[in-house]
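Asks: What follows is the residue order along each chain.
There are 4 protein chains.
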Amino acid sequence: MKIAVVGLGYWGPNLVRNFLSTDQVEGVVACDLAPRRLENIKKKFPMVETTTSFDDVLRDDNIAGVVIATPVSTHFPLGVKVLEAGKHLLIEKPMASNTAEAEELLDRAYAKMLTLMVDHTFVYTSAVQKMKELIAKGDIGDVLYFDSVRINLGLFQHDTNVIWDLAPHDLSIMDYLIEDKPIAVSCVGVNHFSEFEDVAYLTVHFAEKLIAQFHVNWLSPVKVRRILVGGTKLMVSYDDMEASEKIKVYDRGVDVRDEDSVYKKLVQYRTGNMYSPNIDSGEALSRMSAEFVDCINTGKPSISDGQTGLNVVKVLEAANISIKAGGRRVDLSHLSRPHGRALYSIPTFEN
Amino acid sequence: MKIAVVGLGYWGPNLVRNFLSTDQVEGVVACDLAPRRLENIKKKFPMVETTTSFDDVLRDDNIAGVVIATPVSTHFPLGVKVLEAGKHLLIEKPMASNTAEAEELLDRAYAKMLTLMVDHTFVYTSAVQKMKELIAKGDIGDVLYFDSVRINLGLFQHDTNVIWDLAPHDLSIMDYLIEDKPIAVSCVGVNHFSEFEDVAYLTVHFAEKLIAQFHVNWLSPVKVRRILVGGTKLMVSYDDMEASEKIKVYDRGVDVRDEDSVYKKLVQYRTGNMYSPNIDSGEALSRMSAEFVDCINTGKPSISDGQTGLNVVKVLEAANISIKAGGRRVDLSHLSRPHGRALYSIPTFEN
Amino acid sequence: MKIAVVGLGYWGPNLVRNFLSTDQVEGVVACDLAPRRLENIKKKFPMVETTTSFDDVLRDDNIAGVVIATPVSTHFPLGVKVLEAGKHLLIEKPMASNTAEAEELLDRAYAKMLTLMVDHTFVYTSAVQKMKELIAKGDIGDVLYFDSVRINLGLFQHDTNVIWDLAPHDLSIMDYLIEDKPIAVSCVGVNHFSEFEDVAYLTVHFAEKLIAQFHVNWLSPVKVRRILVGGTKLMVSYDDMEASEKIKVYDRGVDVRDEDSVYKKLVQYRTGNMYSPNIDSGEALSRMSAEFVDCINTGKPSISDGQTGLNVVKVLEAANISIKAGGRRVDLSHLSRPHGRALYSIPTFEN
Amino acid sequence: MKIAVVGLGYWGPNLVRNFLSTDQVEGVVACDLAPRRLENIKKKFPMVETTTSFDDVLRDDNIAGVVIATPVSTHFPLGVKVLEAGKHLLIEKPMASNTAEAEELLDRAYAKMLTLMVDHTFVYTSAVQKMKELIAKGDIGDVLYFDSVRINLGLFQHDTNVIWDLAPHDLSIMDYLIEDKPIAVSCVGVNHFSEFEDVAYLTVHFAEKLIAQFHVNWLSPVKVRRILVGGTKLMVSYDDMEASEKIKVYDRGVDVRDEDSVYKKLVQYRTGNMYSPNIDSGEALSRMSAEFVDCINTGKPSISDGQTGLNVVKVLEAANISIKAGGRRVDLSHLSRPHGRALYSIPTFEN
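Taken in order, these protein sequences are the chains called P, F, A and L.
The opening position of the first sequence corresponds to residue 203 in the numbering used here, with each subsequent residue numbered one higher.
The opening position of the second sequence corresponds to residue 203 in the numbering used here, with each subsequent residue numbered one higher.
The opening position of the third sequence corresponds to residue 203 in the numbering used here, with each subsequent residue numbered one higher.
The opening position of the fourth sequence corresponds to residue 203 in the numbering used here, with each subsequent residue numbered one higher.
Just so you know, these hints were derived from the structure itself, not from any lab.
If you're wondering where the values come from, they're calculated on a predicted model, not measured in any experiment.
Check the hints yourself; a few may be wrong.
Since the list can't tell identical chains apart, any single copy or any two copies may satisfy a pair.
[Claimed, not checked] With a Cα cut of at most 20 Å, we get these calculated DMTMM-like pairs of lysine to aspartate or glutamate:
| no. | residue 1 | residue 2 |
| --- | --- | --- |
| 1 | K314 | E444 |
| 2 | K425 | D453 |
| 3 | K339 | E241 |
| 4 | K526 | E444 |
| 5 | K425 | E493 |
| 6 | K314 | D441 |
| 7 | K283 | D507 |
| 8 | K246 | E397 |
| 9 | K425 | E241 |
| 10 | K246 | E228 |
| 11 | K425 | E444 |
| 12 | K425 | E447 |
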């Protein structure tokens, strides 16, 4: 099969490179409106086919899957066309501009029985896989909180705020690790230099006693990328800035004992060893690429399928609503359309 | 003059030790209801006078100032008695249980022309003093955000939540550093093991484009105590867990230029050197003790006077309201009593 | 029993404090020629007896053990007098100025059946105890190297070089951890500002394929205190500057396989998890004090007995010889006196 | 001009990649005896010419410069042929197997007026350039010591010891930074698993009061790459494992004052700020490639010319001698051949 990559901006060339070395991929077609980008990719990877015509991509019967790596606002219209053309679809994160678009993509992929995946690269890292293993096996116990910090002197985006830029990474990790699903979101932030927030704090609420918080910031002088997951049995730190020892597992927890006579709880700490599992350093993106091909071939569900894409988009949309409302708590249930939802009119997309 | 320290739990003995070696303090009287604690302090510091009678302290004409280091709920009634007795007053943080109590203490101290101070120890550290200097001189430019993390596998308190336990440190630092005053507070958190929250995120809102956020957590496997202050000219990191190089000043900022032709802003980063000022390691508590004595003698205002204590308490009270209301934004203006406020009836406190 | 501490300079007061809270010690006598120091100790610890007369200490029948915390050059003459007086002896590190003195002290303690101990405080830390456990159980396998760095912007000493000042800590740890005994020493260094070296590198050679190296430096802008121990099965890092996680155990090693056909060895790495054992933070000095009292009572050997003191002094003496000889390897066997050694004439020490 | 790269093992492909994008280089010829390696390089960089014939490289008039990236033992014979063919020569570090070979290469390059350079990549890093600037301007004052640690769980080499594998990096940095030239070398080490040392400590002695030390180790569980340079005015730490802040400059030093009355020196510390200069992250190898082309064009000397290659090789050879002699100090003056040295017979090299 062939894979097409549409959009050769910052991330597209990485996708091209990875699909070129993915098993069972016989050719990669790169598509962009800008001829200069096509020349550049051709120079680096002479075996790549290039085209400026998205329609040609849709018409090419050898292309089984299409990867959309264009700006977020175009994910939905382009994605719809890919599915209409009967091709499997992989979309750069975030999957869509809002919940409605994301649900529509899911419906259509389901109706056509096509694979719909999102490039949540981080869930394919060995570090996150190791955390998933610890949580799935029950080693961590009940999860008490999920705390994420992703801050840096990052590039200001001209079409989105810091939440939509950075939080999808951590939201997809949370969605992958935590079985419970969020019920509400609150978010505060400030926009100092444009209409888009550059510092924000996003909180995800659950029905159970669990809280998740995401600090995203384009104005931090230091680069921090750390997730803490606290459980009743173990606690885990994932520091992506560490060259080695990214994951540290702390045998620390809380023991609660009921004291008979006084109807009082005794809360005590347990402090044991820390260990840092050895983690291979394979590239996450190549695992993601391989899974896309595998899902196309077998129809099996992906660990970052359309549903996970929808989950992330729903939180992002709620965050935008909350931030405008001064941090008010926004119920996620309000965002989904009632069952039997109408078909959206697909905007025409001039290629 | 003599100084009395009331309450010899965890922090009281440190206050005794410091006042013993403060210039112009001729004697320290330690007061606690528990004789065992008095014996212990006597064993360590034989020159200390001890008493179980708070009234004796109030009656002793040689005692010019009284330090209240008892549980928070007793700060107000004990403090009122100290002021009634015409003595200067230093209260452990937080100053009171709510805004009303704090304002009443201020009123009474003002009426009697007595010094009212709060033990916000951190504002006396060399690190915070250095940050104050940078901000006051204008080196940092406009402050864009204040981000604080104070997390640890801390002791569960049986009478308060993690916000009242840990946030006063960082709120007092913010109050000291930032000239603008907060207008509202929102706060989310979870209580896993008792009625008191053990993980919380507190946001302080300002009229200007400035946001302050405080992460406090008793359930973190790692100990983090870090404040980031981002300004338009410089950014500062204060990491209290570093043995040296606690303060790092980054010559990093944002340049915004108006581009004529397109009515568009161009946002650009500036990345320069980092430097870490050499900071002396004198004990903050001894500076605080010395300032109390100095304020008593001269009547000059303290850098952690009653007003700062009130500012901190107001945010804490608003945080409690917000957390119960699911993170709703709480206006601080609602908490203060209208001018010409009535005198509160002082609860009787049986010593 | 009573314990006397002779010499109240930098370290003596710590010894006084610890022996005051040691079980079975009924009183501590502090002895120094300088009355001002005695006043200071009395102020801090009013229950301490003080005297300027070393002879009084020797004559006091209630004093069972004497601690010598005076400058190194006086350790031997004072120690001899203590043993002559029939009292047990604990000497600050390093035990003596040279091998001859150290051996003489051992002989005399042995002849009188008195306890002779050295204050090698570090071997009583939980971190070193944990390393000892790992090595003793065979978990580490064969030790391949021992690498120590102890550097800092330290105080220049006026009577000794950086080797005698800092290396005894690490030499005593090595002596405690490594069963094999050194056969030779080589050492290089430079004295920039006085006759005493301020930067030095000391190498300890063994009969087996094992090397130990010690970097000591008074001129380092950063404070490093790290020991690496590499074994065939596990490798250990001990970083004393870490607040927690001082000890890290790496499941990393080398597998050597003989390849049949080619009479060639295949050397391969094994890279597994790292773990950091939880370590209590009890004060090492109080364990050392307790052991001295225990040894006095029971006659059992100490983990830092006179022999370990001799081992350390022998390496230090060899280092001084080597450094003067441009780093030449110095055999340790040459330093010891032949069996049946003559009694040394004891220099008169005017107290 | 064209550049030929001979030897496509671990490092050769990096050289090919860099010369491909170097200004004024019109083509790159890759030469290796193994056709498979040529296929691989062709696949990655289709525009590269390939050949298995070293003689063809020598005969190609369009090739102005040849890069030798083969095993060390072949550097000399291949290098001689390159110079004989009248081509400019860049050799991978270390330049040669011994001082005699290195000097012969220098003589021949000089006689033919050809550029002779060594790929000491580290001297082209922004970090080392910044250190050079500080030292050259006199900011650091007199250099007191140079301490280097380069340890890792590295690959065992089958034809050389850890010194020849790792120390050339740090020796070339020292040679670049320190104006004084070494007079002697001493070295100790252990070979645990083969005839080649896997742990070693190399000391470089100077006529002045300056000492340089290099710890190289293939058996360390942690990766450390740090250089400390202590000066009378400033001290510098270069930590290559830091993502940012690789260079830290400490305003710390030693003040020595003569005290009149007592003919005694007073040695005092000065502790000031630390700062970390912002350093660009350009690739050092591309600067090295550009300089080779520049030297070919202009005849100007390189910062890593043949003389620096010789300086490094001389220390390495002396280290090997010293290590066999138990760490004995080896005078570097003995290694150089007397002036008017005979021509070496060039071993025939079968391509």
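Asks: Take the hints in turn and mark each one as holding or not.
Replies: Taking the hints in turn, this is what the structure says about them:
1. Taking the shortest Cα distances, K314 and E444 never come within 20 Å of each other, neither inside one copy (43 Å) nor across copies (50 Å).
2. Only between protomers do K425 and D453 lie at most 20 Å apart by alpha-carbon distance; the minimum there is 15 Å, versus 27 Å within a single protomer.
3. Within a single copy, K339 and E241 get their C-alpha atoms no closer than 49 Å, and across copies no closer than 46 Å, so neither meets the 20 Å cut-off.
4. Proximity of K526 to E444 under the C-alpha cut-off of 20 Å is found in neither arrangement, the shortest distances being 36 Å within a copy and 38 Å between copies.
5. For a Cα distance limit of 20 Å, the shortest separation of K425 from E493 qualifies neither inside one copy, at 30 Å, nor across copies, at 33 Å.
6. In the homo-oligomer, the alpha carbons of K314 and D441 never lie at most 20 Å apart, since the shortest distance is 40 Å inside one protomer and 54 Å across protomers.
7. For a Cα distance limit of 20 Å, the shortest separation of K283 from D507 inside one copy, 18 Å, qualifies, whereas the shortest one across copies, 60 Å, does not.
8. In the homo-oligomer, the alpha carbons of K246 and E397 never lie at most 20 Å apart, since the shortest distance is 37 Å inside one protomer and 44 Å across protomers.
9. Taking the closest pair of Cα atoms, K425 and E241 never come within 20 Å of each other, the shortest separation being 34 Å inside a single copy and 40 Å across copies.
10. Proximity of K246 and E228 under a CA criterion of 20 Å is satisfied in both settings, with 18 Å inside one chain copy and 17 Å between copies.
11. Proximity of K425 to E444 under the C-alpha cut-off of 20 Å is found in both arrangements, the shortest distances being 11 Å within a copy and 12 Å between copies.
12. In this assembly of identical chains, the alpha carbons of K425 and E447 lie at most 20 Å apart whether taken from the same copy (17 Å) or from different copies (12 Å).
Taken one by one, the earlier hints fail for this structure at numbers 1, 3, 4, 5, 6, 8, 9, listed in ascending order.
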